[in-house]
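We have chain C; now place chain B onto it with these hints.
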Amino acid sequence: MSEQRIKRMKDLPSSHLLGTGTPMCSGCGGLEALHQIYDVLGEKTVFVNAAGCMTLLSVYPFTPFRGSWLYTAMASAPAGAQGVRDALDILLQQGRMQPADDLDVVVLTGDGSAYGMGLSATSAAMDRKLDFLYVCYDNEGYGNTGQQYSSATPHAAITSTSGGHGGYPGYKKDLFSIWAAHRPAYVATVIGSEPLDLARKIEKARDLQGSRMIIALAPCPTGWSYDPKDSVEIGRLAVKTGIWPLKEYIDGEVIHTRVPRERAPVEEYLRLQGRFAHLFTPHKDSAVIGEIQARVDSYWDKVV
Amino acid sequence: MPPQLLTGNAAAAWGARLAAVDYIPAFPITPQTEIIETLGAWLDSGAMPGRMVTLESEHSMLTAAGAAAATGVRVFTATSSQGLLYAMEMLYTVAGWRAPFVLVNVSRGLSAPITLEADHNDVMAARDCGFLQLHCADCQEVLDSVLMAYRLAEDPSIRLPVLVNLDGFYLSFTREPVSVPEMEAVRKFLPPFDPRNIRFAASAPESQAVAVLGGGPYSYFRYEAHLAALNGVAVYEQVATEFNTLFGRQRDAVECYKTADAGIVFYMIGSFATKAREAVDRLREAGLKVGLVRPRLLRPFPAGQVTAAVAGKQGVIVIDQNLSVGQGGILYTELLAALYGRPGAPPVVTSFIGGLGGRDISPEEFYHMVTVTRQAIASGTVPPPRLLYTAGELREIRKLQAIAMVEREDTSPRQGPSRDSDTAREAPRE
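Taken in order, these protein sequences are the chains called C and B. Going letter by letter, the first sequence gives residues 1238 to 1541 in the working numbering. Going letter by letter, the second sequence gives residues -4 to 425 in the working numbering.
So here's chain C without its partners, still in its complex pose:
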């Protein structure tokens, strides 16, 4: 494992490797994170993708990636990564490939795949200690089909399948802990609005061996119903309110990389998003807001 080189904002790479002009929505928090991730990982990578918004990054004959890409299916991107990694290892071992031609295998999926359909394949990849990096861009719903709720959807969010009174009745699944329970090499949460934290984690993940698992909260203007210009602000508020804890799992321990000293009230985060508008108009729903706040408080009470 090499020394961490990214220490300050000015250490962040400015290579802008990922091409522009993709069909992602303006203000896409997932793309924001991916730009930063790709700059750290570099082009000696093969992205193995599952069905989701980012499947549309590579549409024949264009791709924003300078490296390689393989689209698989919604449920089995980690199994695709297994096949590619094993084949690269075989080619290297047999001397049919120069070490310089080796690639880092990166799975790229949304939360629909990561939290649900693809969880079995992901679990098994970690069981096998597959040497790969998994990047989940989590926009808290089936975004590419118009934001139906998924098991990543937060409590009370209005989605196109939870539009009734009260929004989504369930609670966001704790994928970080589920992944960490497999004891992979690394698990981290990141967000595009915290580029230094993100880059340091991706750099660390890049230089580790084994399964390295990243969940990037991806503010989603179309799915969460807000003005695209607010993506960065909403991302910052997700961290400041403590709703999206930035943390990492390594060597059996969970470390919070950014502990908000004074947490902003969750209301500030919720109020900016149309999917929570029913908590504020026509009347403020203090009970539900209070419940969301209490859950966040209870989480952090155990941390600090």
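Everything labelled a hint here was simulated from the structure, so no lab data went into it. For clarity, every value in this text was computed on a predicted model and none was experimentally measured. There could be a bad hint or two in this list.
Unchecked claim - Sample of chain B residues at the chain C side, in silico, Cβ under 8 angstroms: (1) 51; (2) 58; (3) 192; (4) 195; (5) 206; (6) 207; (7) 210.
Stated by the list, open to error - Here are the simulated EDC-like pairs of lysine to aspartate or glutamate, each with C-alpha atoms no more than 20 angstroms apart in a straight line: (8) C:1281 to C:1488; (9) B:253 to B:219; (10) C:1281 to B:359; (11) C:1366 to B:51; (12) C:1484 to C:1522; (13) C:1484 to C:1434.
We treat Cβ as the ideally placed atom computed from N, Cα and C, and that holds for glycine.
Quick look at chain B alone, frame taken from chain C:
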């Protein structure tokens, strides 16, 4: 080397070993498991090089197989029945990737009701996905077909995955004398995989399996795969000729057994064709000129060879060990489509569904099918498709139904008057 007694599963494993496969993604399922256990034991003992990984499902197994083949190594995998259907999304997907590798399917009937025994509905469900298909009648053919399958899959004019089918139990667990060729001879027939431009490498970035927008590019790529599959007919002929030269076994795309002077021929695939061969011999002893036409190559469909094989016959008896529910036998439908309007098309083609879920087809039933078909030829009236099912079997199922009915009455609380159970007792009607 003298022939060894090998099961169909062991013959499949020998095929993979002789092909010197690099990579084996695996998942256990009856009756296929012996294949991966055999390969696993060889890998563990060092008898063969290579790498095997057990995935958590057939869906993942096929994804890993396709991804590894798309990276440029020689891949072998195997499944059966429910596993093949669980992987169905990926069968279409990896064929679309044009990933060349070999999948052995050990045929088994599909749920529900769940069963372990053989029929062809599993492999027929995969007929449209883009895999080429070879169907085996005996254990030697299983080994030979795996080797031939790699030649087809990796041919630059094809580059599609190939499925080799053998029947569960009837072949998978039946030992037959199998001649295992020497590795050096196999290397002459099947050199190491040259992936050419199939790869992922840092110095040659590649986007594979990207999305398309609109029907234009989609149609182009799908039809291109279709045309590549059709190239398989001619490539198969070359490969079979070469195989015969090296190993002395002629593996025609369409096997014709005593068809030259036959007035009536059976038309079927798989291991039960060996029963048909036996029936042909017995019928000929009785003075009836009967033959057998057995496609080994089902995808691409060798329409030219099939129509030539049956041209001028008075009747064809199609035996389907599959059932397209609400339609009938799939081989029957495909044969009729190939024959329609062709000169020399037989006037009578009869359809029989048999051998579902491991059910045997007896010699008497082969004779009966010939009788029915001769009557159709004489009368000019073709009977509707029918299920091969004996009075004895019907009696057995009636007994089971009677037991089920008694059990239901004993264990279910009665709801009101006995109307419900009376209705149940009547069904099913004859």
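Cross-check of the supplied hints:
{"no.": "1", "hint": "51", "in the structure": "holds (4 angstroms)"}
{"no.": "2", "hint": "58", "in the structure": "holds (4 angstroms)"}
{"no.": "3", "hint": "192", "in the structure": "violated (13 angstroms)"}
{"no.": "4", "hint": "195", "in the structure": "holds (5 angstroms)"}
{"no.": "5", "hint": "206", "in the structure": "holds (5 angstroms)"}
{"no.": "6", "hint": "207", "in the structure": "holds (5 angstroms)"}
{"no.": "7", "hint": "210", "in the structure": "violated (13 angstroms)"}
{"no.": "8", "hint": "C:1281 to C:1488", "in the structure": "violated (27 angstroms)"}
{"no.": "9", "hint": "B:253 to B:219", "in the structure": "violated (37 angstroms)"}
{"no.": "10", "hint": "C:1281 to B:359", "in the structure": "violated (66 angstroms)"}
{"no.": "11", "hint": "C:1366 to B:51", "in the structure": "holds (13 angstroms)"}
{"no.": "12", "hint": "C:1484 to C:1522", "in the structure": "violated (30 angstroms)"}
{"no.": "13", "hint": "C:1484 to C:1434", "in the structure": "holds (9 angstroms)"}
Taken one by one, the earlier hints fail for this structure at numbers 3, 7, 8, 9, 10, 12, listed in ascending order.
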